[in-house]
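Start from chain A and add chains B, C and D according to the hints.
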Amino acid sequence: MAGGTEAVAHQALEMTDHLPVLQVLIPFIAAPLAVFLGVRSLAWPIACAGAIASLVCSVVLMLATLDGSFISYHLGGWAPPYGIEYRVDAANAFVLLLISATAVVVMPFTKASVDAEIPKKDHTLFYACFMLCITGLLGVVVTGDAFNVFVFLEISSLSAYVLVSQGSHRDRRALTVAYDYLLMGTIGATFFVIGIGFLYMATGTLNMADIADRIAGQGDNRTIQAAFAFILVGMGLKVAIYPLHLWLPGAYNYAPSAVTVLLAATATKAAIYVVLRFTFSVFQPEFTFDTNVLYWIIIPFALLAMFAASLIAVFQTNFKRMLAYSSIAQIGYMLLGIGFFNLSGLTATMVHLFNHSITKAALFMAVGALVLRSGSTFYDRIRGMGKSMPLTSAVVVIGGLSLIGIPGTAGFVSKWMLVQAAFELGWWWMALLIVASSLLAVIYVWRVLEVLYLGDTAEGAQHKEAPMMMAGPMWVAALACIWFGFDTSLTLEASRVAANGLLSGNAGMAPVPTTAAGGGH
Amino acid sequence: MDVAVLVFLAILFPTLASVTNMAYRNNPNLRDSVTFVCAILAFACILGILNIVGSGISEEIVLTEVFEGLDIAFRVEPLGLLFAMVASGLWGITHVYAIGYMRGNNEKNHPRFFACFSIAIAAAVGIAFSANMLTLFLFYELLTVSTYPLVAHKGNAKAVYGARVYLAVLIGTSVALLLTAVIWTYTLTGTLDFVQGGILAGKVEGRIVPILLGLYAFGIGKAALMPFHKWLPSAMVAPTPVSALLHAVAVVKAGVFTMLKVGVYIFGIELLADTGASEWLMWVAAYSIITASIVAIMHDNLKRRLAYSTVSQLGYITLGMALATKMGILGGGLHIAMHALGKITLFMCAGAIYVATRKTEISQMTGLGQTMPVTFAAFGIGALSIIGLPPLGGSWSKWALIVGAADAGQLIAIFALMLSSILNVAYLLPVVAKGAFLKSDDNPCKGVREAPLFCCLPPAITAVGCLALFFWGGMLLDFLQPVVGDGHG
Amino acid sequence: MIDFIPPFLAYIAGALLIPFLPKGHGRSAALCIVPVVGAALMWPLPMGSYGQIGVMGLELTLLRIDKLSIIFGVIFSLAAFLAMLYAWHIRDTIQQSAALLYSGSAIGAVFCGDLISLFFFWEGTAIASVFLIWARGTTGAYFTGMRYLVVQVASGVILIAGAGLFYTETGSITFDRMQLGSLATWLIFLAFGIKCAFPLLHNWLQDAYPAATVTGTVVLSAFTTKLAVYALARSFPGTELLIYIGAIMTLFPIFYAVIENDLRRVLAYSLNNQLGFMVVGVGIGTELALNGTAAHAFAHILYKALLFMSVGAVLFRTGTAKGSELGGLYKTMPLTMIFCLVGAASISAFPLFSGFVSKALILSAAGKAEYHIVWAILLFASAGVFHHSGIKIPYFAFFAHDSGLRPKEAPWNMLLAMGLTAFVCIAIGCYPHPLYALLPYEVKYDPYTATHVINQLQLLMFSALAFTVLMRAGLYPPELKSVNLDTDWLYRRAGPAVFARVAQAVSGGWGGTTDFVRRCCDVMVAILYRAHGPDGRIARVRPTGAMVIWIAILLLAVMLVSFM
Amino acid sequence: MADHKTDPAKLPWLGRKLLFLDRPKNITLVVYAIYALCALLLLMEFVYTKHPYFGLEKIFGFYGWYGFVMCALLVICARAMRVVLIRSESYYAPGDVESEPYPEDGLDRSTIDD
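Chains as they are written, first to last, in our numbering: chain A, 1 to 521; chain B, 522 to 1010; chain C, 1011 to 1574; chain D, 1575 to 1688.
Chain A extracted, bound-state conformation:
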């Protein structure tokens, strides 16, 4: 299944061949369109159309790359390494699919929640930023050019800052938080760009595949090592690796519900993808510094995230904030999978990327619905809402179970892979640590469930079920959580192909004829 097949690197001849760029271009065009048409009521349909179109693109791309091949698209016909190359293989097609699918699913939810939370006059702007953010995320993932990654990263980040600040209509603190987010995000981006600068210094190229080719065998080059450090730390901030997570809880908490859903489900995932890409494709896994960093930096910090962030989540009294910290903890799992540096580990990371994304989408949408009805996310305000909002609460249950990793949910699949990876390495103690941290997840999830189902309804509260526009997407995500807990043919397969590709480091210019299957055995 892995590698081996002839890469489809060719001139763009037909419409379908332009998919990699269309993928990005469509939402990119939808954004200004939403503003400049000037009809507020049209903003949402346009955004929807854009999202759906890009989903179609990503589905086709995914299908095309599932066999382990990759598609190289030369922007403007300029051949790499001089021109910008969009390169799609299983790994990023998977993430593309994830991002665009999430965008589509949350669209109806966004409508309902935006109508409720944001003044009408800002709607067009909101949807424009929303689409820009998606554009940026898709671009980060699809591009094969290092500097282009930075550009798209900034597109998504800047629009995200704006989106977060939209929360100020509900709570003024959103502004401060957005400001913090901006500062920190910019620092991260700066580090990232410095790293790319180093790389350019060392190789004279910006094409990732080309860089990979050129730095092969230069494992002891200090410049390259420094580049790696800067890129890792810079992206680490976007990923919200544990001590660099400080922007995240605030941003998630105060952003409008729809934005939280989008950010939680996609933004950090795109960043993780970048980390993966750079760690395994640009820099070579054989580099000892690479593996050293994985073992000595990534794994400890991943563990730290799994426990410290989970503990914070345990003690939270604010549902949304709790989920934010849970996200940080779950990111720890993904990092741990990277740190394991074997096929199962990377598969676990990839699959968890996906599974956690749908889980958190479901949960944050449920939170959005709760906010809509109760006006707050604090436990004492949403007490007993399991009775008045059974559909929403059921989503919380399903999402919560997936978060814990109860079998039959998507979360279980990724946890299984992760533990399996640990066992394959013979690190049984690591397996125990993983399950121990998921016990913390049991606690924080169950606190919420108890609040929802066992608490007495707050005085005078007259809640009703969330509108269909919200409940629908929520349930799509929730059912996806269950579906992907059973049917892993898409997620696990794609993840495995992607992981295989990453581990074999076949990111060079020339198609790699054969690929070693996995590095962990």
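Hints are computed from structural coordinates only; laboratory data are not their basis.
Do not rely on the hints blindly, as some may be mistaken.
[As the list claims (entries may be wrong)] With a straight-line Cα cutoff of 27 angstroms, these simulated BS3-like cross-link-like pairs (lysine-lysine) come out:
no., chain 1, residue 1, chain 2, residue 2
1, A, Lys464, B, Lys675
2, B, Lys960, C, Lys1378
3, D, Lys1632, C, Lys1418
4, C, Lys1418, D, Lys1584
5, B, Lys629, A, Lys464
6, D, Lys1584, D, Lys1599
7, D, Lys1632, C, Lys1378
8, C, Lys1033, C, Lys1418
Structure of chains B, C and D alone, referenced to chain A:
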């Protein structure tokens, strides 16, 4: 009909009952009757399976592949069929009882209660027919999650606390230990299928076997092996039908059933016997049996006492597995059925007493037997079956276990079984004796009548069942023979 | 086609049916008919084994008719009939059913041919009989019943454990002659021993029989221990150990009997003593000895029942069976007194009474087998039993000082039952041949030789003389309201005290430990909360500066690791 | 009631016949009868041939004196035992050694069908 269809139907009917309960929350009679019909149909399905498969082993019925070489799949084999028969067969009876109990007690939230109850049954049937450890684990967790609302049903602080302990222990052990063990096994063998003779044979050796067994044994928290038994007494805050069916039959039996499955089909008794890996487990089980019995004597609260009795009795089955002899396994399997019927009778009687008199402490029940003869007679029969006295089913499983222990040359196991029987007498029969024969000073019978028909008929039926099992004991054992590779399997 | 029905089924059917019969004479009559039916089912069957059932790969034998089982079957049926007649006036369904089940189980046990069935019936006797104790309804009876049941069930589980081991060792579960040696047989031996009230295992007997109902005790006295004797005779004849155990059994209860106040307990002690004779007989194991055991069991059941009946009648009429409370009853209960005297004479082995013709067999066997000391002990025990059962019981109940009680004569059914029993006792004593014909082996023994009669009379009369002299001299211990310590002290006083201490220590230790752990957990949670809680150090969202520091640190760390 | 208890005429026939035992003088007679009987039995030693199992049996009047001595010893030992063993009736538990409710349904219960 095809076995596959029947297996799906057997799981589907409880699910359907659950959906009905949620959908028609305002029509109690409809809900209850549909549930009852579903119970009958589910049981009929399982009898249908029995009719087709007999004590053989069916083809694997694959639903979907989750991991490489790991499916969600079902397969009917005697042990599972027995468990499914017990769980679903008793469901209908308990449902009748639950109607009487819930209405008689004016409990709230009926739809949620019955919905979760039915889902739990579906999960139990799923566990019974699982073809591999993954499927089993899936339903195992479903069972935990679906029973949590039942434990927390009353919603007061005590119930919430009890439910927390319940969840913490069950989820905690299964996620932390069982899952680890399962994945470890998978990593070692590349499969989790339940295969005659075990899958680990030849794949592991040395110290790993007992360690892995330990992860399984303690990871299966539902088997309530000490020290992970605490959830069981905690779960007694639940309404009595829950204690009766779930915490005496479905949930705990799911635990020990899993234990047996692991022993027989994952490790294989030859491996356990050859390596002696399960010897320590036998000690733990023996300890669990005795200690829980002693603790049971100390408790005055009837349900709590019964809970500890269950802990002790579950130890029998774990012990049977740990003996790693054919008779031990068969004895454990038999005890699943024998104890199920006995204990459900006891719990239903405890509930009937509660419905009729609101009394929960044994010391308050003195003299009640004079006015509640049916309930107390049923309790007496159930108790005798638990103790393992003739002419009740419990005596056969005890015999099989003793022979199994003798085969293994484990005198300590025999001793534990003997001592436990005596302790059983000491904590179960006083209830009957005091209730039926002692006269109390404060005339507790004043205004007390026999529990409503819905509450006292089901225990009477199960009590008769205990009696019937005595005569079917040999048949059951023959039925289970293929599990250990003998007979016509 | 089934051409036989195991007799125990008659009892079980009866027990299940009688709750549906209206209370009254009809039901009582039905109760009496059941043993007759049982006997009728058993009697015509030729020797051999019937009713083999294959269960779990084991072959159970429900019915094994041979000389040994027949004699016990006959006497058990007879005892059941007499007890039912004695209990004619009872209107308590539970007692009636229990009595039938109890007798049925005992008869089932006698006829079964394998250890599993034996276990079932063995436990059946335990469970059914306890209701006869509980039925009395007093707190004392309740606790006694519990103790009794625990002991009886213990005997059963030891039996089943032994059977299990035996099965594993030999692949057979036949209930037949076995050798002491392996753990399996020792366990079986112990199980029999408990029910047989071996010394130190005996106290359940003296505890339970006085606590049961008036009629219950009569039933109890007949079956449990004799079943154990039968089991021993079946499995361990000729086991020398039994001789010594039996000798001790005959000996020590008579001391207790002398100082015991409760007359039913006195009888229980004397029952124990009489069992000793049978156990010795089994231990000697010669044909003569085994005949003696069987005959003595036969006779014993009758006269012991008769004694319990007469004391029971007194209890029924006066509400007490304590020697210190009774006396002078001969005036109003003369018939009862006479029946009691018949029983007393029988147990004392007066010539022309049943004990005389049966006990002699055992003594002769002991003598022939050259067990001198045992023989002397048995002789002493014979004298002793006359002393306390033959003299003390009637004396303190019916004569002695006048207690002032003037109860009515016993009810007609009791009198009838006692009368019949007394008649059989005398009949056997006068004409032992039918009994001898029933015995397992051919009997070549004539009890009525001049030597035997005179020697026996000498022994008894001089014992009576001793009693008289001591009584006149005021040396005889008076009847006092009291209890005497026996082995039950171990489990009623010492055991609970030790257990309470241990439990206190353990639960204290456990409580302390859990408290400590809980406190540790609380502290840990508090610490964690301080750090991770919503306002905690770690959860606080700090200014951007903190973040920058972290970035710097992380960068440094990554570089450091990379550069290494 | 009082009549019933004291009036000999109301006693059963057999009871009336045995009333002589109430007089101490008669009891002494009975005692003497026992003495006489014992003496007679001792004399019987001369009229039959012994078939002893043991040498012990050949001693003159063995069964007699053995019975007497042993019984005397028995009583004396038991007396001594009692000193050590005796406890009050409520030693183990109050109500442990209890009578039927005295008398449960009256000394005079005439019917048995209650």
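Hints versus structure:
no., hint, verdict
1, Lys464/A <-> Lys675/B, "holds (24 angstroms)"
2, Lys960/B <-> Lys1378/C, "violated (56 angstroms)"
3, Lys1632/D <-> Lys1418/C, "violated (50 angstroms)"
4, Lys1418/C <-> Lys1584/D, "holds (11 angstroms)"
5, Lys629/B <-> Lys464/A, "holds (21 angstroms)"
6, Lys1584/D <-> Lys1599/D, "holds (24 angstroms)"
7, Lys1632/D <-> Lys1378/C, "holds (16 angstroms)"
8, Lys1033/C <-> Lys1418/C, "holds (25 angstroms)"
Violated hints, listed in ascending order, are 2, 3; each of the other numbered hints is respected by the structure.
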